[in-house]
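**Q** Going line by line, the protein sequences match chains G and H.
Per our numbering: the first sequence = residues 1 to 458.
Per our numbering: the second sequence = residues 1 to 319.
Please note that the accuracy of each hint is not assured.
Pair ranges (Cβ atoms, derived) [claimed, not checked]: (1) H:Leu172 x G:Gly255: 46 to 54 Å; (2) G:Lys243 x H:Leu120: 51 to 59 Å; (3) H:Glu217 x G:Pro435: 53 to 61 Å; (4) H:Trp93 x G:Gln82: 30 to 38 Å; (5) G:Ala195 x H:Arg72: 22 to 30 Å; (6) G:Gly255 x H:Gly171: 25 to 33 Å; (7) G:Gln297 x H:Leu162: 19 to 27 Å.
List of simulated lysine-lysine pairs, BS3-like, C-alpha gap at most 30 Å [said to hold, decoys possible]: (8) H:Lys97 x G:Lys243; (9) G:Lys361 x G:Lys383; (10) G:Lys149 x G:Lys233; (11) G:Lys75 x G:Lys329; (12) G:Lys278 x H:Lys97; (13) G:Lys278 x G:Lys361; (14) G:Lys192 x H:Lys97; (15) G:Lys444 x H:Lys128; (16) H:Lys151 x G:Lys250; (17) H:Lys97 x G:Lys250; (18) G:Lys149 x G:Lys444; (19) G:Lys234 x G:Lys411; (20) G:Lys234 x H:Lys97; (21) G:Lys191 x H:Lys151; (22) G:Lys127 x G:Lys329.
Everything labelled a hint here was simulated from the structure, so no lab data went into it.
It should be emphasised that the depicted structure is a prediction, and the values quoted were computed from it without experimental measurement.
Note that the Cβ used here is the ideal one computed from N, Cα and C, for glycine as well.
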Amino acid sequence: MSVPQYRKVAAAALAAGLGLSLAACSTKSDDSADAGGKVTITVDCQPVGAQKELLKNWNDDVAEFQRQNPTIVVKSVSVGEQCNNPPDFTARLAGGTVTDVFYGYMTDLQQVLDSGQAMDITEYASKDTIGTWDSVDPALKEVFTDGGKLYGIPVKNYSMGLVYNKALFQRAGLDVNNPPKTWPEVRAAAKKISALGGGVAGYSEYSAGNTGGWHFTSLLYSQGGQVLSADGKKADFNNATGKQVLQNLKDMRYGDNSMGSRQLLQWGDLLTNAGAGKVGMFIGAPDATQAIVTQFQGTYQDWAMGPLPGQGGPAKATLGGGEGYFFKKGLSPEQVRAGLKWIAYQKLTPGKGQFDYARAKPQNYPVGLPQPLLFTNGSDAQKQELELRKANANVDTTNFAVFEANPVPIKGEPRNAQAIYAVLDAAMSGVLTNPDANIDALLKTAEDKVNQLLAAGS
Amino acid sequence: MALTTAPGATRRPGRPAPPPRQLAARRAGLGRKVRDNLTGHTFLIGAVACFAVFSWYPMVRGVVMSFQRTRRGETTWVGWDNYVRIIADPSFWTAWKNTFVFTGLALVLGYAVPFFVAILLNELRHAKGYLRVLVYLPVMLPPASALFLFKFYAYDPSEAGLFNAVLTALGLPTSEWMQSPTMTMPAMVLASTWMNMGGAVLIYLAALQTIPGELYEAAEIDGAGVWRRIVHVTIPQTRLILALLAMLQIVATMQVFTEPLILANGAGTQDSATSVAYLIYQHGFFQNDLNGAAALGVIMLVVLAGFSAVYVRLTARQD
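Using the sequences and the accompanying hints, generate a full structural model.
**A** In structure tokens:
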């Protein structure tokens with residue numbers, strides 16, 4: 001072959017190869033039903049490889065589910081340890097690459113609807129597809145409902161309280177069975193804990209990556225405030241309640257120096273410090289202790305939980321949230337039913353999947369946490385779940401007894417939660433990093449920004 | 001719309017349209033050129049396809065999206081609404097101010113320091129290679145790793161932080177670094193300069209080594225000191241490289257994103273680290289506002305393109 005001919009052949013091969021490569025990049029999904037009449041669904045939030053036991057549990061669940069439902073094939077997809085990292089989730093929604101049945105937070109409904117990826121599953125969700133459906137808390141179903149149509153199935157629900165380190169409490173001479181019930185008590189305890197030295201923060205708080213706004217909301221709820229007005233059209237935190245929230249933090253940070261010097265913390269930063277035994281108290285959900293142990297090298301016996309404190313007495317409300325699964329638009333009825341059956345098996349059946357406490361007991365995952373609060377009080381499913389939880393508890397349930405015995409009314413997250421949280425981060429970071437922060441100005445700026453966001457409808 | 005001007009009427013005076021026979025000959029010539037370079041064109045397909053799919057299409061799509069709005073899966077044309085909305089965002093001007101401050105500081109520090117480091121290295125007689133490797137080493141670190149090093153070790157606001165420990169040892173007041181609104185930008189520029197200067201130093205060194213030694217000898221004979229040799233020999237001789245790197249530096253630093261994201265966990269204290277690129281990310285990925293993000297991206301593109309055009313024109317005049 002002459003040199004020019006050789007070059008032409010090489011060029012043609014390169015072009016053909018490129019064409020094939022591009023074709024191979026196509027994201028066209030598999031057909032929903034194969035010739036054998038099997039229904040295939042893709043489901044995300046499979047645990048990652050590093051979560052060995054959780055991954056094995058998931059894969060075992062898939063195998064058992066498929067054995068029980070021979071016409072259904074479940075294809076699992078892992079989307080990271082934090083199943084809904086907001087930027088990744090947004091990219092998947094925008095790119096149309098979400099799985100058939102996909103994980104999301106309770107605050108994600110609007111975004112999922114806007115992306116045009118949500119399927120109305122109202123006619124499919126019933127006792128026929130999810131045996132415990134009638135026991136699922138109606139308030140949680142409502143979170144995934146818009147205009148009377150159901151778009152998702154709740155699979156986890158939490159409410160926030162005061163998480164505290166018993167070991168540090170003991171060292172500071174505080175009563176481990178009697179956590180602070182008011183913010184002034186939190187302040188006094190934080191002062192004693194930080195006096196231990198060694199870089200220990202008596203109380204720690206977020207102020208970056210939208211987590212500052214998230215916790216500001218919970219702190220505001222504890223004082224009886226709300227982020228948005230009742231009609232959801234105006235910001236409603238630039239008032240005495242909002243000021244009290246920021247003043248408490250500023251007093252602890254700069255008045256008492258009891259919050260540590262490192263600020264601008266987000267989720268992993270605070271929990272890393274907590275795992276290292278450098279945090280006395282913070283507000284969080286019961287499963288924060290699970291993250292501290294499984295991801296940040298802490299130990300269960302160090303951690304306990306009380307109800308969210310209030311200003312002069314018990315908290316007036318606490319922030320509740322959770323997660324669920326949405327269904328991708330365009331699925332066949334068979335796929336939707338198959339997806340619902342899978343969720344029912346893995347997430348909503350006492351004794352199976354996430355409620356297989358007998359399996360979880362010997363593993364490094366906590367059984368006995370007062371979570372997830374999925375079923376209505378007194379319902380059959382709740383009774384079964386509580387009995388199984390009690391029988392298989394591998395954490396000291398007395399550590400959560402004060403939290404459970406003092407329930408605080410749960411309040412949901414505001415509309416446009418993530419956008420609002422991003423704005424409120426600035427107010428939180430302001431009081432935690434600037435000793436001369438002007439609280440009135442911080443709240444006014446945040447109020448203007450939130451009102452602008454709401455007006456824009458973004 | 002009907003054409004009211006005859007084809008060719010817009011041509012420059014004095015260059016009339018070629019007669020039809022000439023046009024046919026030109027077309028035949030073009031066909032021959034394509035045939036002659038078929039192999040080259042075929043090899044180009046890969047690069048062109050990659051640019052088309054991964055660069056040009058997203059840019060065009062971004063411009064289109066900036067005039068649309070998607071709600072409930074329905075996309076509608078909204079004219080300039082996204083632009084009006086994004087400009088009204090209270091963080092819009094803060095982000096631009098921060099971006100310009102970062103660019104300005106980076107120009108002072110990140111542009112000048114590598115030049116003088118290169119001159120210094122060029123003057124050394126010993127350990128040249130070793131020092132070059134040392135200067136280039138940070139470039140080999142992944143930017144995220146380098147920034148995490150700064151965040152957790154150098155900029156720790158306690159006295160255990162590297163910089164604070166040094167300041168304390170020198171009897172100087174410590175800083176809260178990324179937690180101080182006034183120190184956020186200088187701290188980001190410092191980290192960025194340390195991370196990136198190796199590449200610029202090597203380019204400057206290459207340019208410096210093309211300067212004929214006789215010029216320095218002549219200057220020395222004329223009694224020029226070090227500073228005058230730099231001003232009258234080095235800078236004029238490396239003018240083109242200096243100009244090119246200045247433009248690249250400005251275009252790159254105006255898109256600063258990794259530094260605020262990692263060093264300041266995003267916005268920093270009271271928006272002190274929010275850059276335009278980070279604001280785009282915030283709108284697109286946290287606020288469910290991809291259309292607003294696209295509009296801001298287009299504004300940034302226009303600003304950078306405008307700057308580049310002015311810059312190219314100015315340097316062309318100088319040449």
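**Q** Under the constraints set out in the numbered hints, which ones does this structure not fulfil?
**A** Violated hints: 1, 5, 12, 14, 15, 18; rest satisfied.
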